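Visitor: Sequence:
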Amino acid sequence: MRFDIMTLFPELVDSILSASIIGRARQKGIIEIHSHNIRDYSTDKHHRVDDTPYGGGMGMLMSAPPIYACWQAIIDMQLSSDRGLGRPAKRRVIYMSPRGSLLTQKKAYELTGYDNLILLCGHYEGIDERIIDEIVDEELSVGDYVLTGGELPACIVVDCVSRMIDGVLSDAECWRSESIASGLLEFPQYTRPYEFHGKAVPDVLLSGNHANIDKWRRERSIELTMKNRPELLARDVSVSGTIDKAETRCDRSANTERNIQKNPDESEQN
154 MRFDIMTLFP
164 ELVDSILSAS
174 IIGRARQKGI
184 IEIHSHNIRD
194 YSTDKHHRVD
204 DTPYGGGMGM
214 LMSAPPIYAC
224 WQAIIDMQLS
234 SDRGLGRPAK
244 RRVIYMSPRG
254 SLLTQKKAYE
264 LTGYDNLILL
274 CGHYEGIDER
284 IIDEIVDEEL
294 SVGDYVLTGG
304 ELPACIVVDC
314 VSRMIDGVLS
324 DAECWRSESI
334 ASGLLEFPQY
344 TRPYEFHGKA
354 VPDVLLSGNH
364 ANIDKWRRER
374 SIELTMKNRP
384 ELLARDVSVS
394 GTIDKAETRC
404 DRSANTERNI
414 QKNPDESEQN
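In terms of the working numbering, the sequence shown has 190 at position 37, counting the first letter as 1, and numbering is strictly consecutive.
Because the hints were derived from the structure by calculation, they are not lab data. It is possible that part of the hints are untrue.
Cross-link-like lysine-lysine pairs, in silico, DSSO-like; alpha carbons within 30 Å at most [stated by the list, open to error]:
id : residue 1 : residue 2
1  : Lys243    : Lys260
2  : Lys181    : Lys260
3  : Lys259    : Lys243
Computed from a prediction, not measured in an experiment: that's the story for all the values here.
Let the hints inform the model, and build the full structure from the sequences given.
Guide: Below you can see the structure in the form of C-alpha cells.
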C-alpha cells in the first residue's frame with residue numbers, strides 16, 4: 154500500500170513514520186509513505202498557502218490552489234505505477250478534520266482494501282471548502298478534540314492501517330486479539346518479576362491450565378470494557394449486563410470474539 158501525505162510540515166510526519174514497526178515495514182517495501190510539502194506548490198513568491206476567510210472570522214484558512222496543485226502532482230506521479238497494477242488503482246483522499254467521522258478499527262480495516270491513501274493535513278483554521286468538494290472523498294477524525302494540525306492524526310491513520318497489512322507485524326494475527334479489534338478491551342498482562350511493590354502476578358496465570366487462563370482473561374476483558382468503554386458493549390447482548398455476571402457470560406463472549414476475528418470488517422468498534 155502507498156500513503157501520500159499532503160502537509161505543511163513533512164519533517165514532522167517523516168520523523169514519526171520512519172521508526173519502529175512502520176519504519177521497518179517501509180524498509181522491507183511492504184508499504185510506501187511519501188510526504189509532500191504543500192508550500193512547494195504555492196505560486197506566491199513567499200510560498201504563502203493561507204489567506205483570510207470571506208465573511209470574516211478568526212484566523213486564516215489554507216488556500217485551495219496550492220492544495221489542488223499538490224494533489225494533482227501526486228496523481229500525475231502515480232499514473233505509471235497504476236499501469237503496473239493491470240487495473241485502476243483503488244485510491245481514496247482523506248481530509249483529517251475534527252468534524253469528520255470517527256476513525257475506528259472497523260474503518261481502518263476497510264481502508265486496507267485501497268492501493269493508495271492520500272491524507273490531507275489541515276492547519277490554521279482549516280481549508281477552503283471547495284477543496285473538500287473537489288478532491289476529498291472522506292473527512293476523518295481521530296477524536297473529539299482539536300489539534301494544531303492534521304499531521305499527528307494522519308500518522309495515526311498510517312500506523313493503524315499499516316499494522317493490519319500482511320507482513321507488517323511478525324504475527325499476522327496479533328492485531329486481531331488486541332484491545333478494540335476483538336470487540337473488548339485487552340485483559341491485564343504481567344511479566345517478571347513475580348512480585349512488584351507487594352503486588353503478585355495472579356495465580357491463575359501460573360497454573361498452566363490454559364482453559365482457566367482463557368476464562369480469566371475473558372472475564373477481565375469484559376470487566377475492563379464495562380468500566381472504561383461500556384459503549385462498546387451496547388450493541389452486544391452476549392456481554393451486556395453488570396460486571397458480577399461476567400463469569401456466566403464468558404463462553405458467549407468467547408463466541409463473539411471468534412466471530413469478530415473471522416469477520417473483522419463486520420464488527421463495529423469505537
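Visitor: Assess, step by step, whether the Cα of Lys259 is no farther than 30 Å from the Cα of Lys243, and give holds or violated.
Guide: Holds, because 18 Å separates the two Cα atoms, which is no more than 30 Å.
Visitor: Verify the proposed pairing of Lys181 with Lys260, using a straight-line Cα cut of 30 Å.
Guide: 25 Å, holds
Visitor: Straight-line Cα separation of Lys243 and Lys260 no greater than 30 Å?
Guide: Cα-Cα ~16 Å, so holds.
Comparing the model with each numbered hint stated earlier shows that all of them hold.
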